[in-house]
Structures are given as C-alpha cells and as structure tokens.
Amino acid sequence: MKAFTSFFKQLRQYPSAVVGLIIITLLLTVSVITPIMIPYSEAIRLWRGGEDLWKENPRNAWPVWYNWFTAKDLPATIVFHSVDGDGDVVVNQLSADTREALYTFEFDFPYDEFPPELILFANAAYSVKQPHIEMTWLTPDGREIRAGEFAPGPSSSFRFAQDSRLQRRLERETGIDGVPAEKGLFDDPNQEGLQPLNGTYQLKISTLLFEEDSNVDLTFVSYGLVHGMAGTDHRRRDLMIPLLWGTPIAMAFGLLAAVGTTITTMSIAAIGVWYGGWLDATIQRLTEVNAIIPLLPILIMVGTFYSRSIWLMLGLVVLLSIFGLSIKNYRAIFLQVRELPYIDAARSYGASNMRIVFRYLIPRILPLIIPQIVTLVPTFVFLEASLAVLGLGDPILPTWGKVIQDAYSQGALFNGFYYWILEPAMLLMMAGLGFAMVGFALDRIFNPRLREL
Amino acid sequence: MSQEALKLNIDTESIESSSRKARSQAVLRLVKYTSGRIVALFFTVVVGVYITVLIANMGGYVDDIRRGQIREGVALSASLDPTFRQLPEDERTKIIEERVAIQEARFGLDQPFVVRSLRYLTNALTLNLGFSEGLTSDSGSRLVSNIILERLPSTLVLFGTANLILFFLSLFLGLSLSRRYGSFFDKLVLGLAPTSAAPGWFYGLFLILIFSGLLQLLPFGGMVSAPPPENPIDYALSLMEHMILPVMATLLSAVFLTIYNWRTFFLIYASEDYVEMAKAKGLPDRMIEQRYVLRPTLPNIVTSFALLLITLWTGAIILETVFNWPGIGQLYFRAIGIYDTPVILANTVVYAYLLSLTVFLLDFIYALVDPRVRVGEGSKGR
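Protein chains in written order, with this note's numbering: chain A, 1 to 453; chain B, 1001 to 1382.
Accuracy of the hints is not assured; some may be wrong.
To be verified - Listed next, the in silico BS3-like pairs over lysine-lysine satisfying Cα-Cα at most 27 Å (straight line):
#, chain 1, residue 1, chain 2, residue 2
1, A, 72, A, 55
2, B, 1187, B, 1281
3, A, 55, A, 204
4, B, 1032, A, 9
5, A, 129, A, 204
6, B, 1032, A, 328
To be verified - Every beta carbon over 12 Å from chain A, so not counted as near; a handful from chain B, in silico:
#, residue
7, 1122
8, 1247
9, 1297
Since the hints were made in silico from the structure, they are not lab data.
Given the structure is predicted, the values throughout are model-derived calculations rather than measurements.
No residue lacks a Cβ here, since even glycine has one placed at the ideal position from N, Cα and C.
Build out the structure end to end from the sequences listed, making use of the hints.
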C-alpha cells in the first residue's frame, strides 16, 4: 500500500501523466457504463436496424452543438406523433360511418436554413374503405397552401418533395422554377430568392374515416440539419451508439492484445534464455521469420477469406506477435538477470526450471513490462481502427473504426461532413494520447536512467 | 645509424602490409557476413511465404474457389456449343465432368495438398501467380505480376521520400536537441512524443480535412493531376504537390517519437566515461559528437530505423488508400474489396520481399558501420 501511494506521488510529478490518467479513467468509466445503459443486444439492434428504426432521424445531420459555432441557426428536427397526443385534434361525426379527424400541428420555426426533408408517415387501420388525408399548410404571414392529399395504406408515407402538384403550386407561390417543397413551404415571399420565413407554422391534416373502427396514426417530421449530441450518418443512425459502444470494444481489444502479446513474448524470451541451446536458437530464428511476415496483410487475408470477427483478429494478433521483435529486447535483459546471485540461490535449493522461469526470472522484469503494456495499448486500438477502415471491421459490432470507414466511403471529407470523421477520430486520438502519456511517465519512473533526461 | 634507419624503414613497411592485410580481411569478413545474411534472409522469406500460402489455402478455401470457377467456365463454354445442347442429359453431365477433370488436372488440383502448396510456394516466390480474377493493370494486362510491378514504383517513390526525410530530420534534430537539452524545443518534443501513437493514415484524414477540404490548397488524393502533364517538369511538380500531404502524414505519425528516442539515446551515450574523458582532454564539441557519440551509436540507430521502417511499410496500405495513391497498398485494398485471391496473395509476397529487402539493406549498412563485424569479434553478441 505504501509503495502504491509513493508510486502515485511520483506519477503526480508528470502533468501529462495526470492528464493521461484522467483520460483513461474517463474512457474506462464510459466502457463500464455503456453496456449497462445500452445492453449489447439493444446496441446491435440499433446499429444494424434499417431505415425503419431510424426513419424519424435526418440523414447526415451535424451534432446539435455545431450550432454554437455557426453564425446561422440550423434547424433541429421537429416531430409530431398523433399517437402520443402531439398537436390538437378535433373529431366531427359527419354521418353514421363517416367522421373527420382534424389534426393541427403547430410549431415554431426560428431557424436560418431550410429543413432538408418533410415527411408525413400515416399508418391507417381499415377493413374495406381506405381513409383519405388532406393537408393544409399555414404560414406565419397567414397564407394558406394546399399541401397535398393522399389515401394512406397500413404503412405509408407522404414525402412533400415528391408531390408534383405541390411543387407546381409552390412554383406559382414563390415564382422560382423547380423549388423543392421543403424550401417553398418555408420561403419568405417578400424577399428575393429563397429565404426562410421565421414564425409559427401550422400543418392542418384532415383525415376522413369511412368506417367506425377505422383509424389513422400520423407522424409528421420536419427533419433538421442538426440532430442529437453526435449527429447522424447516411443511414440516419444516431452516431452516439457507435461512439459510446466503440469505447468498451476499443478498450477491450487494446488492453487484451497489449497484455496478451507482452506476456507471451516475455515468457518465451525467458524460457529461451533459461533453457538455451537449440530451443533458444529456434526461438531466435522464428523471431527473424516472424519479422518478415507482414502482420497487417496476414490479418487482411484472414479477414477476407475466413472471418472478420474482432475476437478472431485479437487472437491472431496475439499469435503473430508471440515471436515479435521485442523478444530480442527481453532476451538481452534476461541474459543479465540470469547471472544474478539470487538465481543461483534458487537453483541451489533445488527449484525446478519452470519455477525459476516463472517465479524468479519473469517477476524480476515485471516493472519494465508495465510501461511497455501501457504504451502498446494505442497501437492495438489503432490496429482495430485500421482494419475497420479497410472494410475488415467486425460485421456486427459498432466501432469507431467503422464510423470512420462509413464516413470515408461516403466521401464525408469531400462533402464537408467533417463531424462524421472528427468525432471517432477525436476519441481514437484521446485513447491514443491518454495511454501514450501515461506510458511515457511510467517508463521514466521505472527506468531511473531516463528520469533526469 | 643507417642500420637503424633501415630498421625503421622495414617497420613502416611491415605496418603498411599488415594494415593492408587487415583491410582485405575486413572486406572478406564483410562479404562473408553479408552472404550469410542473404542466405538466412532468403530462407526466412521462403518460410514466411510458405506460411502465407498455407493461410491463404487453409481448409482448401482457395481451391474451392478455383474449382467453382473451372466448373462454371466449362459449363459456360459447353452451353454455347450447339451440338452439345442436343445431347441427352446424362451424356451432357458426363462430358462436363470429364472436361472439369481435365482442367483440374491442368491446374494440378488433383494432387495432394502438400505437393500443391509447394508448387504455390515456388509460384508465389517468383510472383508467377497467373491471372487476376477481376483487377487489371492500367495498361489492361490481367497478369498478376504486371499489375503489381506497375504499381511498385509509386509506392517506392512515396515511402522512399517520406522515410529518407524522416531519417535525416529526426537524426539531425535528435542530435541538436541532445545538445540543447532542457530547452523549450526539447520540452516541446517531449510533450509531443505521445502523438506518435496514431498511425499515418489517421493524420492523413486530418490533413486532407484541413488542406484539401477547408483551405482547398492541396489535392484530395491521387498521384498526379488528371490528365497527367506531358512536360516532365510539370509532371514532377504535380507529383510533388500530391506527395506533400502523404509525406507529412507519415512524418507526423513518427517524427516526434523518433526525435525523442534518439535524443534520449544520444544523451545516455554522451554521459559515458569515454565521452567525459574526451571532454576532459579539451576536444572540440563537434569532434566529440562525431567521434565519440555518433560513431558508437550508429549501429543502434540503423537497427531502430529498420524496426520503424517495418511498421511504416505495413501502415502504407491504409495511407495509400486514404490518399488514393496508386501504389500496391491501394491495390491491396481494391483486391480485398472484390476477393481477388491471386492479387492478395501476390501482394502479401511483395510485402514480405519489401520487408526482407529493408532488413537486408539495413543489415548491410549495419555491417559497414559496426566495427565488430569488420574486426570479426563478438559479432554474435548482438
């Protein structure tokens, strides 16, 4: 315990190590909390879910906080669910079977840009006679625009931009040829060109129901250019899911791979040094062969031909690093340790070879190993991301690397969706820097020769 | 008096002849050492490639693909033959089976796996991997070796440049920082060293974002502008313009850690007793640096650079993909995308060759700079 506190006292002298430790703690906390908040199966369902699951999210929306940095106020997503009692509803019984439900969705639009999409989802329940929907759009300056009419099926959607009659009407209204509905509906007619008119808009939806049991659930979405704390991707998914879930995956992969490779390499070096002879020679030659086998290409081949499971990759990384070049470094250290008197003492009391290797040789250099493990973690975190960027990421799990790959393959840099790459990249960078900074400080603490340099 | 002069003369002569002898011996040892390394490296390449072949063929996966292709090809060519279509059903299957068997024998698929794997090994080592399954070279060839050889120069240009700059820059800066130890720049490099945890492609993304996306100063990727300039000077300028970002990305991913490592290394060596001795003798700083610090650390510098190169080589695959650089790394990425087995295999072999070539070159330089090899003493104790 005393050694522990004095160790922390030493570590505190390195400000970068303190920052690194805070980052690591933060990442580990996220890794623990995320699987509790969003269980594994739920995360997979959300990540693998198609458009249906995410239909109320905009495509490629910036995170909400992007608005703090822009001069223009970008629209957020506005959603009305008739099932949840959003908006006003008035029901008129027109005849024995026929009734009219008049929904009024009223919302404020204080933004400086147009929304990218407007959709009305309508799920109608009926046996023979299909209900009918008519929509009217009321602008803040009191204009009334007939927005469209359609007969909803059990699961139908009305995309305002795809209604040609609405478009013709809006062309007349705005005087601009080919104006898209989501712009025309919000346009200020008193201003030159397309400028959104701020104020309170109303969408009146009259649903005519021709059967007693007939019913229509309405969902109106005015999609935003910003959405959620992390933004959305090209499949409307909330990026928060992969960003959060990527943390435990990256941590698990990085830590397991770093510990696994270091421990195995060190053990092999110790065994080679202790037994010597042909065993040592074989290990040496294998190390040389291993240096020539390119690790990433082999991982790529296995990923292409067999499986892309992250755990298989992890196993393979450890397996291929067993005879890594660091064996040479460990060997040099063990060669010195072997000659120390306490080893002779152990031998004289009759300790077995294995006992000497695992109870005397290896514990001796453990302090040297810890910085090594910590500095290796980022390498493997980035290796996972590299594989994902090559399209060889785990097919099921949401990871940081996969977000980068999605973004890159969708031309996020070219199209200006910078948040899409920057968010996972920042997390990767944080993980990398956190571990590297702590590793550096540990290296100085454990290797006194470096301390004053 | 004259006798003594004669004696002296003989002495200098014998010294000269013995030094000549020593030199020829040193050259001999060097040749012996290098040829030994070549043989050893060749065997390691053979073993490495054989392991690669084994992985690529594990479970006969590649063979299954090949068999499927043969069957498909035979069935297709048979169905185009009008006389064949008139034959009865069982007759047709019999003919197809026969033709498939002939083709399989032609590709050696009827032989046991060990024999086949050895044949794959020799083919792989000579890059004689036949035709690609989908990719073509820019000149339209589908020969795997053509596709790869066509792209090798662009990879070598990019990584040769980047690594040479990295080597000399970090050596120079490392040395100068070890002189100015404790200064602001020294502390800056110390603070920036952890940034080397991220690979080059990662910095590439940021660089593209800043210089191509936001500032629109440099191209997003590629090797030369399209269409390629006719004039060789314009061509070279365009190539250089496209090379700025990938080279910068490579440098960013390694330079600070390398400078830091070498600075620390020089500092440790600068506190050795013999350096103190040289200082006490009053030798100029420059001489101390060159003779007493740089000279004995040179072998270590070469080895550590070899290790750095190896990681950079494999990182090249993604860096080229990110920068759309038409080298073998990007080829690899494309081959993965369409499961082009021969190209993937050949690429892995080329990487094995590149790695071993790197190791060999650095081994050779090591032999030149390490006095133990020339003097022939303790060369095993590396």
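Now for the hints, and whether the structure bears them out:
1. Between residue 72(A) and residue 55(A) the CA atoms are separated by roughly 26 Å; this keeps the pair inside 27 Å, and the hint holds.
2. At most 27 Å may separate the alpha-carbon atoms for a hinted pair to count; residue 1187(B) and residue 1281(B) exceed this at roughly 31 Å.
3. Proximity of residue 55(A) to residue 204(A) is assessed by CA-CA distance (about 22 Å); at most 27 Å being required, the pair is judged to hold.
4. At roughly 54 Å between alpha-carbon atoms, residue 1032(B) and residue 9(A) are farther apart than 27 Å, so this suggested pair is violated.
5. Distance restraint check for residue 129(A) and residue 204(A): the Cα-Cα separation of roughly 22 Å lies within the 27 Å cut-off, and the hinted pair is therefore satisfied.
6. With a C-alpha separation of about 23 Å, the suggested pairing of residue 1032(B) with residue 328(A) holds against the 27 Å cut-off.
7. The Cβ of residue 1122(B) lies farther than 12 Å from every Cβ of chain A, with a closest approach of about 18 Å, so its non-interface assignment holds.
8. A cut-off of 12 Å between C-beta atoms confirms that residue 1247(B) is not in contact with chain A; the least separation is 19 Å.
9. The Cβ of residue 1297(B) lies farther than 12 Å from every Cβ of chain A, with a closest approach of about 15 Å, so its non-interface assignment holds.
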